[in-house]
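S.K.: Protein chains in written order, with the numbering used here: chain A, 1 to 435; chain B, 1 to 435.
Don't take every hint at face value.
Any copy, or any two copies together, can satisfy a pair, since identical chains are not distinguished.
Stated by the list, open to error - Below, simulated DSSO-like cross-link-like pairs (lysine-lysine); rule was C-alpha separation at most 30 Å, straight line:
hint, residue 1, residue 2
1, Lys23, Lys430
2, Lys19, Lys311
3, Lys388, Lys311
4, Lys247, Lys378
5, Lys75, Lys19
6, Lys381, Lys311
7, Lys9, Lys248
The hints are simulated quantities; they were obtained by calculation from the structure and are not laboratory data.
Protein chains: 2
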Amino acid sequence: MTLSTQPYKGARDFYPEDKRIQKYMFGVMRNVAERFGYEEYDAPILEPLEIFTAKTSDEIVGEQTYSFEDRGGRKVVIRPEMTPSVSRMVAGRRQELTYPLRWYSIPNLWRYERPQRGRLREHWQLNVDLFGIDGIEAEHEILLVADGIMQALGATKDMYTIKLNSRKLMNGLMRDYLQLDEAQAHKLSRLIDRMHKTDHAEFVDQVGAIFTPNQHEKGLDKALLSLLKTSNWDEVSLDASSSEALKKIKQLINMLETSGITNVVFDPTIMRGFDYYTDVVFEVFDNNPKNNRSMFGGGRYDGLVGLFGVKPVPTIGFGMGDVTLQNFLEDHGLIPEPNTETDIYAVLIGDVYDRAQNAISSLRGLGINVTVDSTGRKPEKQIRVALKKQVNYVLFIGESELNDGRFTLKNLYSGEEARYDIQKIASIVKDYKKT
Amino acid sequence: MTLSTQPYKGARDFYPEDKRIQKYMFGVMRNVAERFGYEEYDAPILEPLEIFTAKTSDEIVGEQTYSFEDRGGRKVVIRPEMTPSVSRMVAGRRQELTYPLRWYSIPNLWRYERPQRGRLREHWQLNVDLFGIDGIEAEHEILLVADGIMQALGATKDMYTIKLNSRKLMNGLMRDYLQLDEAQAHKLSRLIDRMHKTDHAEFVDQVGAIFTPNQHEKGLDKALLSLLKTSNWDEVSLDASSSEALKKIKQLINMLETSGITNVVFDPTIMRGFDYYTDVVFEVFDNNPKNNRSMFGGGRYDGLVGLFGVKPVPTIGFGMGDVTLQNFLEDHGLIPEPNTETDIYAVLIGDVYDRAQNAISSLRGLGINVTVDSTGRKPEKQIRVALKKQVNYVLFIGESELNDGRFTLKNLYSGEEARYDIQKIASIVKDYKKT
Chain A
1 MTLSTQPYKG
11 ARDFYPEDKR
21 IQKYMFGVMR
31 NVAERFGYEE
41 YDAPILEPLE
51 IFTAKTSDEI
61 VGEQTYSFED
71 RGGRKVVIRP
81 EMTPSVSRMV
91 AGRRQELTYP
101 LRWYSIPNLW
111 RYERPQRGRL
121 REHWQLNVDL
131 FGIDGIEAEH
141 EILLVADGIM
151 QALGATKDMY
161 TIKLNSRKLM
171 NGLMRDYLQL
181 DEAQAHKLSR
191 LIDRMHKTDH
201 AEFVDQVGAI
211 FTPNQHEKGL
221 DKALLSLLKT
231 SNWDEVSLDA
241 SSSEALKKIK
251 QLINMLETSG
261 ITNVVFDPTI
271 MRGFDYYTDV
281 VFEVFDNNPK
291 NNRSMFGGGR
301 YDGLVGLFGV
311 KPVPTIGFGM
321 GDVTLQNFLE
331 DHGLIPEPNT
341 ETDIYAVLIG
351 DVYDRAQNAI
361 SSLRGLGINV
371 TVDSTGRKPE
381 KQIRVALKKQ
391 VNYVLFIGES
401 ELNDGRFTLK
411 NLYSGEEARY
421 DIQKIASIVK
431 DYKKT
Chain B
1 MTLSTQPYKG
11 ARDFYPEDKR
21 IQKYMFGVMR
31 NVAERFGYEE
41 YDAPILEPLE
51 IFTAKTSDEI
61 VGEQTYSFED
71 RGGRKVVIRP
81 EMTPSVSRMV
91 AGRRQELTYP
101 LRWYSIPNLW
111 RYERPQRGRL
121 REHWQLNVDL
131 FGIDGIEAEH
141 EILLVADGIM
151 QALGATKDMY
161 TIKLNSRKLM
171 NGLMRDYLQL
181 DEAQAHKLSR
191 LIDRMHKTDH
201 AEFVDQVGAI
211 FTPNQHEKGL
221 DKALLSLLKT
231 SNWDEVSLDA
241 SSSEALKKIK
251 QLINMLETSG
261 ITNVVFDPTI
271 MRGFDYYTDV
281 VFEVFDNNPK
291 NNRSMFGGGR
301 YDGLVGLFGV
311 KPVPTIGFGM
321 GDVTLQNFLE
331 DHGLIPEPNT
341 ETDIYAVLIG
351 DVYDRAQNAI
361 SSLRGLGINV
371 TVDSTGRKPE
381 KQIRVALKKQ
391 VNYVLFIGES
401 ELNDGRFTLK
411 NLYSGEEARY
421 DIQKIASIVK
431 DYKKT
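All chains, please: the whole structure from these sequences, using the hints.
M.R.: Laid out in structure tokens, this is it:
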């Protein structure tokens, strides 16, 4: 039987040129997160199923997880998201950890769904979380980090919009203003969450179906629909808690604008799919009219750590997936030209593999990345391979060079070549790497 | 219900202090691999089961895999090793890739087994593979890389031994010298592979059981046992193929010794567990008498790429697991003191969070990693947290500092403190980072 060379459906092979792009993105994420004092952590990709059934959405746990029984009969799942794992870890050392706690991770996550643009079965997702601050400073900082990554990747403010909302505000509205019970409110949240992916007429129908005849008569479904598009929230009569939540959103927008983040708006249609959010939620949208959709988001989830039997910790965080992000960077021409890590391609002339070892090992000792062509092919063929691998320098090593202790270094792009000793070769290549 | 805070059995949570050690080890691995011109790749953690049933050992596939059916009825497995995946990827682009191909990856791998010291259900494993060279230069280079990583981690030659053997030699011996058929040879390989973990008397019994009465009479089982401990291989009468295989091992040892690797020996008991090895195999042993065991290994597997319906590629590689390696580094005192990535802990005095943003953002813009204490606690408490988080500098930001544009920077370890502007603070901290 011949085996297929295809990767599992909805998952990706990363050939070196693909891996370089991923490493570039992850490198920027790490730099920015650490610039704000966040520390990297990690957790196993397999988790007990129960930590997801608690507060991740029903759709994900019931239909989209890779869950199974292990050989010992334990129900396990390949994690579909990282938030329950990080909450578990914080809860596990609730007392010993020093707050505020700033943590980040770039886990590999899996969901069983139909692969499509921007959504695969497997992806990687930066998770940034701030534990222990209940004030608005936490919201402000976490959005600075999210925006900082976008900026560091070369995105400009016109390319994306940060949309804010508040679960507290929406819960208050649904309870007091729209008079919905909990089940109705939960259903409505789901509908609003999918609103931008749903045809508008269909959305109106679905919303209508949630309200009782009595609520219809009072015009509450119409009230909702107009709320979702009003720009004049001052005229909406809010209960105290909702009013406070809205004030917080406005204050946050002010703080962000003062920090130079002007591409931020309040948008009551932002709900986020997870059940664990408790207050501010946000999503970052691609402004590209051809691809105007949410790229990533996050929010406050003050209750999740407490599910593990310890005192709750106020928490806010976000998750930024690599697939959507890479699509965005590609569409906006923001992927930099990837460079090979190899500095020198050593071309061996004749049967000199053994004798060439000293020179090669000295170069490596001086911090130079050297590939040796040990195939015994003709030098012309070796140079062609160096070009194909986009290595900048070839170094010729043959009998005469070895006897002389000086080797010809050729810059394949400028065509320059000259003969130097090993120290000089290392310093030329290092200077070139700096430019 | 209260959820458990424990990770899944046999898997690890990486709190930031654990993750730093892992990042240190992986960083060294990456540096050395790239020093030799290897490029990083990656593949999905889920693979079709069939690519492992072909040539991974029966024990692993039948008893130790995390395999299950996905929601579409496909048989999948969380990879127990990386070699089939990388072979699949090379086969998938057999024609387009440029040889020799030097690839490395640090995948996460899973095996269902009883967790014990040095062996968990989950681990990470550096995989380094060289495709396209059938000459001994490939064996030499791959061992230089393996040894280079040990050296770069601070290990000295007296701490570990590289043991070499050849599957070709052993297959020839079992076929011609011991007159075993294929099934007997396969069983014997397995026994020899586990020999060092088995009581000697038991091993002798198990070996005895493989030979037929007729073979016993000829003394072939005794011949095997004495072969496994002989130091005088020149007296063993070998067929042509075995003799050539032994010569290759001796030549390789010479080449390695010339390259300064003197802690290398021939050991006919080294078999390696996988069925796909075809020629030279090796294992690196910890010399610590309390823990004298194999840490990692590899070998040549020229046939695996060909299983995917393309022309085979000569290949040699090794896998180096993080659990055993970390145990080794700990035992030998080779884990360096981990440092936090945070440079400055900003202590806010009074209600200055908003006004402090400019100074903090300027420092970050200058490349300094700054954590802000936005809790509003007393400065003394904030300093205690900075100490606990082992940040070297605290920066005091209060009304008077903000009016002045100059801030007090304190080195928590030396006790030195003075007031500077932002530029000067950044340059002091950068100088400190260099030391």
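S.K.: With identical chains treated as interchangeable, where does the CA-CA distance between Lys19 and Lys311 reach 30 Å or less: within a copy, between copies, both, or neither?
M.R.: between (41 Å within a copy, 26 Å between copies)
S.K.: 30 Å Cα cut-off: does Lys247 pair with Lys378 within a copy, between copies, both or neither?
M.R.: For Lys247 and Lys378, only the inter-copy Cα distance (28 Å) is at most 30 Å; the intra-copy one is 74 Å.
S.K.: Tell me, please, which holds for Lys388 and Lys311 at an alpha-carbon limit of 30 Å: within, between, both or neither?
M.R.: between (58 Å within a copy, 22 Å between copies)
S.K.: One pair to classify: Lys9 and Lys248, alpha carbons no more than 30 Å apart. Within, between, both, or neither?
M.R.: neither (44 Å within a copy, 43 Å between copies)
S.K.: How would you classify Lys23 and Lys430 at a CA-CA limit of 30 Å: within, between, both, or neither?
M.R.: both (22 Å within a copy, 25 Å between copies)
S.K.: How would you classify Lys381 and Lys311 at a CA-CA limit of 30 Å: within, between, both, or neither?
M.R.: between (67 Å within a copy, 21 Å between copies)
S.K.: Give the relationship of Lys75 and Lys19 under a CA distance limit of 30 Å: within one copy only, between copies only, both, or neither.
M.R.: Answer is between; shortest inter-copy Cα gap is 27 Å, intra-copy 33 Å.
When the structure is compared with the earlier hints, a violation turns up for hint 7 alone.
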